[in-house]
Amino acid sequence: MKSSHTKAHSHSSGHSHNSHSHNHSNKKDILADSYKKLKAGRAIVVGHAQHDMGSHDSIREAEYKGHKITIRTHYDIRVDNRALGGHVYVGNDGNVSTHAMPAYSFSSTVELVKQLIDSFPSQFRKRARSSKRK
Amino acid sequence: MAVVRRNILSSSSVRDQYIEGVKLLKNDFLRPDWPNTYDIFVIWHFHSMMTQTPPNSGSGRNAAHRGPVFLPWHRWMLILFENHLQRVLNDSNFGLPYWSWAADGELTPSQQRNAAIWANNCMGGSGAPVTSGPFRAGQWQVNIEQGFTPGSMDPTLVSVRRPLRRALGSGFPPRLPTRTEVRNAVHKGAPNVIYDSPPWDVNSAGFRNELEGWPDGPRNHNRVHVWVGGDMGPATSPNDPIFYLNHCNVDRIWSGWQQIFHNPKYVPNSSASPSLRRHRLNDLLFPVTESAVFDPIYQGRVRPSNLLDISSRYTYDTLTDL
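Top to bottom, those sequences are chains R and B. Letter by letter, the first sequence follows residues 1 to 134 of the numbering used here. Letter by letter, the second sequence follows residues 1 to 322 of the numbering used here.
Hint data in this document are derived by calculation from the structure and do not stem from the laboratory. In this text the structure is predicted, and so the values were computed from the model without any measurement. You may find that some hints are simply not true.
Unchecked claim - Heads up, simulated DSS-like pairs for lysine-lysine below, C-alpha to C-alpha not over 27 Å straight-line:
{"#": "1", "chain 1": "B", "residue 1": "K188", "chain 2": "B", "residue 2": "K265"}
{"#": "2", "chain 1": "B", "residue 1": "K23", "chain 2": "R", "residue 2": "K36"}
{"#": "3", "chain 1": "R", "residue 1": "K65", "chain 2": "B", "residue 2": "K188"}
{"#": "4", "chain 1": "B", "residue 1": "K26", "chain 2": "R", "residue 2": "K36"}
{"#": "5", "chain 1": "B", "residue 1": "K265", "chain 2": "R", "residue 2": "K37"}
{"#": "6", "chain 1": "B", "residue 1": "K26", "chain 2": "R", "residue 2": "K39"}
{"#": "7", "chain 1": "B", "residue 1": "K23", "chain 2": "R", "residue 2": "K37"}
{"#": "8", "chain 1": "B", "residue 1": "K23", "chain 2": "R", "residue 2": "K39"}
Unchecked claim - These stretches of chain R come out as covered by chain B in the derived footprint (C-beta under 8 Å, 3 or more residues):
{"#": "9", "region": "63-70"}
{"#": "10", "region": "78-86"}
{"#": "11", "region": "96-110"}
{"#": "12", "region": "115-124"}
Just so it is clear, CB atoms sit at the ideal spot from N, CA and C, and this is done for glycine as well.
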């Protein structure tokens with residue numbers, strides 16, 4: 001069997017990655033800063049969650065017998081008619097994963113969202129109530 | 001002198017010390033502007049996982065997972081955790097114990113959920129909240145959990161006060177990895193084993209990705225997180241003390257692989273693409289602080305190359321099952 005050199009990645013749609021501002025220098029005191037926010041009842045928002053709203057394209061790239069394969073997948077996920085943004089990563093085996101459940105992988109994005117609902121029910125209960133009010 | 005890391009089921013004194021030690025860390029404060037020492041590790045793990053490498057990585061490769069640094073980063077984390085346990089226990093000979101989950105993987109699914117590791121005198125049982133054992137409600141508090149930005153599945157970190165949650169037997173199929181699965185990961189490609197390979201992520205061939213558990217996953221390390229479920233699921237998984245017993249076993253398997261195959265080289269090396277920063281042989285790993293108060297060993301400045309030979313720090317009681 002021919003081996004293939006592959007890579008897979010996704011990009012957020014509508015966002016310029018050149019403008020990302022993740023802190024990679026670690027020069028600030030992450031620990032003290034985090035604790036201060038937590039004590040004040042504020043959420044710590046880092047990485048993709050800093051700027052990610054909306055859905056994202058997944059782009060898989062692979063090389064096979066001298067050919068370059070590119071597969072772009074766009075996700076528009078809704079739960080209770082409300083958009084659920086964030087990253088869905090697609091591996092070259094077709095399995096999908098997401099930051100919120102870092103050890104999980106799923107053969108279907110539907111299963112991924114079901115697991116999110118099971119794992120974080122309060123997140124979705126709040127969303128259901130606010131949908132009703134509207 | 002090197003300490004010996006043992007199977008937690010083989011020594012009641014090590015088991016009891018571990019339980020005592022993690023509880024002491026929950027009430028240990030190194031600085032007034034820091035959380036308790038136990039929770040520092042939770043925050044560190046979350047930040048490392050949310051730090052994409054490179055920043056615009058679409059593969060999900062981050063500063064501690066889904067890439068080559070998975071094993072050395074967690075080795076560093078365990079060395080520091082063990083160091084703080086030794087301090088609060090006042091026992092420099094204490095070695096972090098491990099949970100040999102593949103041994104339990106040989107049991108039936110029902111037996112796995114009722115295995116000795118989950119006994120009342122060990123890690124306690126399942127539930128939301130956990131109601132038995134030393135980490136049951138009232139005896140153990142989760143202070144930090146994963147939240148969400150509204151409308152997004154990308155996580156944040158939020159303050160909370162609640163008991164520990166577990167859902168033993170989660171996932172499909174609902175069983176732990178077996179010894180055969182672990183041995184397959186260790187010996188894959190033998191004798192020409194490789195640590196990792198392009199594209200250096202969840203699609204890579206090599207030992208790291210097999211042990212982390214992405215191919216046909218979740219398997220091995222990943223499956224253990226999924227099987228325990230509850231607080232072992234999100235990026236705040238160090239909230240559950242079983243996290244360290246899982247990762248100590250992962251580290252033991254890496255040590256066994258290194259020994260069996262005579263220290264295969266770590267890749268990528270220093271000349272690899274800058275896009276692999278935080279994963280190359282001589283890159284600094286992602287710290288939570290460079291303070292020697294938290295990291296008296298490396299002061300937050302350690303590289304994979306510093307963590308390949310750990311024989312002066314610790315050994316494992318056995319590697320024969322690998």
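How the hints compare with the structure:
1. A threshold of 27 Å between alpha carbons decides the hint, and for K188(B) with K265(B) the separation of about 16 Å falls inside it, so the pair holds.
2. Straight-line distance between C-alpha atoms of K23(B) and K36(R) comes to about 23 Å, which keeps the hinted pair within the 27 Å bound.
3. With a C-alpha separation of about 25 Å, the suggested pairing of K65(R) with K188(B) holds against the 27 Å cut-off.
4. Only pairs whose Cα atoms come within 27 Å are accepted, and K26(B) paired with K36(R) is accepted, the gap being roughly 18 Å.
5. The straight-line distance between the Cα atoms of K265(B) and K37(R) is roughly 41 Å, outside the 27 Å bound, and the hint therefore fails.
6. Restraint check for K26(B) and K39(R): satisfied, since their Cα atoms lie roughly 16 Å apart, inside the 27 Å limit.
7. Annotation: proposed proximity of K23(B) to K37(R) holds, straight-line Cα distance about 24 Å (limit 27 Å).
8. Distance check on the hinted pair: K23(B) and K39(R) sit about 21 Å apart at the alpha-carbon level, within 27 Å; holds.
9. Interface restraint, the region 63-70 of chain R with chain B: violated (0 residues with C-beta to C-beta distance below 8 Å; minimum three).
10. Counting residues of the region 78-86 of chain R whose beta carbon lies closer than 8 Å to any beta carbon of chain B gives 5, which meets the minimum of three for the stated coverage.
11. Counting residues of the region 96-110 of chain R whose CB lies closer than 8 Å to any CB of chain B gives 9, so the stated coverage by that chain holds, three being the minimum.
12. Residues of the region 115-124 of chain R lying with their CB closer than 8 Å to a CB of chain B number 4, which satisfies the three-residue condition for coverage.
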